[in-house]
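Trainee: Below are the chains, spelled out letter by letter.
Number of protein chains: 2
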Amino acid sequence: MSKSFWSKYYERYQQLRSQVCIGLDSQLDKLPPCLDSARNPIWEFNRAIIDATRDYATAYKPNLAFYLADGVRGLEALYQTVQHIPAEIPVILDCKVGDIGSTMAGYVTAFFKDLKVDAITINPLMGSDVLKPLLELEHSFAFALALTSNPSAEDFFHKVNMKQQVADWINGFDPQRIGAVVGATQSSDLAQMRKLLPGRIFLIPGVGAQGGDLQAVLQHAIHSKAEPRILINSSRGIIFAGKGNDFAAKAAEAARDLYLSCKDI
Amino acid sequence: MSKSFWSKYYERYQQLRSQVCIGLDSQLDKLPPCLDSARNPIWEFNRAIIDATRDYATAYKPNLAFYLADGVRGLEALYQTVQHIPAEIPVILDCKVGDIGSTMAGYVTAFFKDLKVDAITINPLMGSDVLKPLLELEHSFAFALALTSNPSAEDFFHKVNMKQQVADWINGFDPQRIGAVVGATQSSDLAQMRKLLPGRIFLIPGVGAQGGDLQAVLQHAIHSKAEPRILINSSRGIIFAGKGNDFAAKAAEAARDLYLSCKDI
Chain A
1 MSKSFWSKYY
11 ERYQQLRSQV
21 CIGLDSQLDK
31 LPPCLDSARN
41 PIWEFNRAII
51 DATRDYATAY
61 KPNLAFYLAD
71 GVRGLEALYQ
81 TVQHIPAEIP
91 VILDCKVGDI
101 GSTMAGYVTA
111 FFKDLKVDAI
121 TINPLMGSDV
131 LKPLLELEHS
141 FAFALALTSN
151 PSAEDFFHKV
161 NMKQQVADWI
171 NGFDPQRIGA
181 VVGATQSSDL
191 AQMRKLLPGR
201 IFLIPGVGAQ
211 GGDLQAVLQH
221 AIHSKAEPRI
231 LINSSRGIIF
241 AGKGNDFAAK
251 AAEAARDLYL
261 SCKDI
Chain Z
1 MSKSFWSKYY
11 ERYQQLRSQV
21 CIGLDSQLDK
31 LPPCLDSARN
41 PIWEFNRAII
51 DATRDYATAY
61 KPNLAFYLAD
71 GVRGLEALYQ
81 TVQHIPAEIP
91 VILDCKVGDI
101 GSTMAGYVTA
111 FFKDLKVDAI
121 TINPLMGSDV
131 LKPLLELEHS
141 FAFALALTSN
151 PSAEDFFHKV
161 NMKQQVADWI
171 NGFDPQRIGA
181 VVGATQSSDL
191 AQMRKLLPGR
201 IFLIPGVGAQ
211 GGDLQAVLQH
221 AIHSKAEPRI
231 LINSSRGIIF
241 AGKGNDFAAK
251 AAEAARDLYL
261 SCKDI
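As given, the protein sequences belong to chains A and Z, one line each in that order.
To convert, note that position 161 of the first sequence is 161 in our numbering; the numbers rise steadily by one, no gaps.
To convert, note that position 193 of the second sequence is 193 in our numbering; the numbers rise steadily by one, no gaps.
The reader is advised that the hints may include incorrect statements.
[What the hints assert, rightly or not] To list a few chain A residues with every Cβ distance to chain Z over 12 Å, as calculated:
| hint | residue |
| --- | --- |
| 1 | Ser4 |
| 2 | Pro32 |
| 3 | Lys225 |
| 4 | Gly242 |
[As the list claims (entries may be wrong)] Only pairs whose alpha carbons sit at most 20 Å apart, straight line, appear in this in silico PhoX-like list of lysine-lysine:
| hint | chain 1 | residue 1 | chain 2 | residue 2 |
| --- | --- | --- | --- | --- |
| 5 | Z | Lys113 | A | Lys163 |
| 6 | Z | Lys3 | Z | Lys113 |
| 7 | Z | Lys159 | A | Lys113 |
| 8 | Z | Lys113 | A | Lys30 |
| 9 | Z | Lys159 | A | Lys159 |
| 10 | A | Lys163 | Z | Lys159 |
FYI, nobody ran anything at the bench for these hints, they're computed from the structure.
We put the CB at the ideal spot given by N, CA and C, even for glycine.
Using the sequences provided together with the hints, build the complete structure.
Mentor: Following this line, the structure appears as structure tokens:
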């Protein structure tokens, strides 16, 4: 990796002033029917989506699950997709891995050296051992799950005050290496998380499909107006905006709409 | 899946009276040199290891990281490996996934329907939403991380009383569907976890290489002498017992030794 995620993100944001992260949750059975006969439908779909939306994206975020669900062909599609994303746009692999030692080193090799993404998401439950192999690799970056937006986030994040604990833990690491995944469902949570994690880049899922409120995010989750340090992820809302032959044009429209809605904070 | 993990495990245990789970952490750069020129070294290695050790194994546990680290060829090796494991021996994919909704459904499809393993490991941090897609699939099984054996388990499992919280959470699910990963480093933890999780199948990493004490496990972690309900995983200690042409025979020896050490509780 010749350039760190932090610098790529920073330069891309300065150039585009976009908060938009496009989630490539390219589930095989949701692709437009016109791709049914493609040799590798997920790859063909992603190529068209990327070509159509690249002017609005500060980052792309493929989610590993949807690629593994299509087996070896799916993993091939993931490799082709990452290669196809323009070098100046950082790629975050959403994999939520959280293992230790040689296992985590295996993931770090697979994702940063072989697949060549710029950042990954990680699950912090096993503690700081999770980050060791990653931090040893120059220029790598991880977004740690700090608060998720799903209903059963109640089970642990809220119940055992995991928010505070994970935030304290994240604050022990360099903001240029470790960001935070912060769910967008409750605006009071957003404000609290920003207070707990000043200056950190937030990767924010849950806007749109999961009911998160964009205005609340723009108001409460930003670091500052000059440097918001937020990536607002939208997956299905963009990539599945259309089902016809014009699916890529519809994705571009949806990406542009989100881009414009975020632009003036 | 024609048979549940629970029944396969139960029948295999009754037949073999073995606690041994063999971890297929088949890291490419640790394989015996005699496999250097193989078309797919990980697959050739695993085939030999499985053929040599199958008489001692109540389960096999490949760890996803080491397969993804070898890219598309690694994923092919994983598919071939799972196919090669005799149908009566349950396969646990160690992937520690913990996501929600369609993402988790993607993993469930990938692992249970496509790859056809019998169980997976999961990270419970995001709460019960993580288990929904899995529990909807008949016969599937997951081991939830209940206590890990790495040094930084201190960061969360101990510090915020996560052990008790996760145990309470696990107890809300059917023991025939949800087991527990319980690290083997501290014997006082083992006794506490068995008390917290009566009747549950424990998948126990950390014996051997990571310093866990086998006798402590056999004394403190079992459900009962008649039905211990423990799977003691050993990975490197078995699969990398030898580095020469006789690596498979050495693996068989190590598997048999562990098998015999566990046999008389």
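Trainee: All hints are to be evaluated individually against the structure, with a verdict given for each.
Mentor: Comparing the hints with the structure gives:
1. For serine 4(A), the requirement that its beta carbon stay farther than 12 Å from each beta carbon of chain Z is met, with the minimum near 22 Å.
2. Annotated as non-interface, proline 32(A) keeps its C-beta farther than 12 Å from every C-beta of chain Z; the closest such distance is 17 Å.
3. Listed as outside the interface, lysine 225(A) is consistent with that label: its C-beta sits roughly 31 Å from the nearest C-beta of chain Z, beyond the 12 Å cut-off.
4. No Cβ of chain Z approaches the Cβ of glycine 242(A) within 12 Å, the least distance being about 19 Å, so the stated non-interface status holds.
5. Distance hint between lysine 113(Z) and lysine 163(A) is unfulfilled; the C-alpha atoms sit about 35 Å from each other, more than 20 Å.
6. Between the alpha carbons of lysine 3(Z) and lysine 113(Z) the distance comes to roughly 13 Å, so the proposed pair stays at or under 20 Å and holds.
7. Among the hinted pairs, lysine 159(Z) with lysine 113(A) is inconsistent with the structure: their alpha-carbon atoms are about 34 Å apart, more than 20 Å.
8. At most 20 Å may separate the alpha-carbon atoms for a hinted pair to count; lysine 113(Z) and lysine 30(A) meet this at roughly 18 Å.
9. Our distance criterion of 20 Å between C-alpha atoms is met by lysine 159(Z) and lysine 159(A), whose separation comes to about 14 Å.
10. For the proposed pair lysine 163(A) and lysine 159(Z), the alpha carbon gap of about 13 Å is at most 20 Å, so the pair holds.
Consistency with the previously given hints fails for numbers 5 and 7, ordered from lowest to highest.
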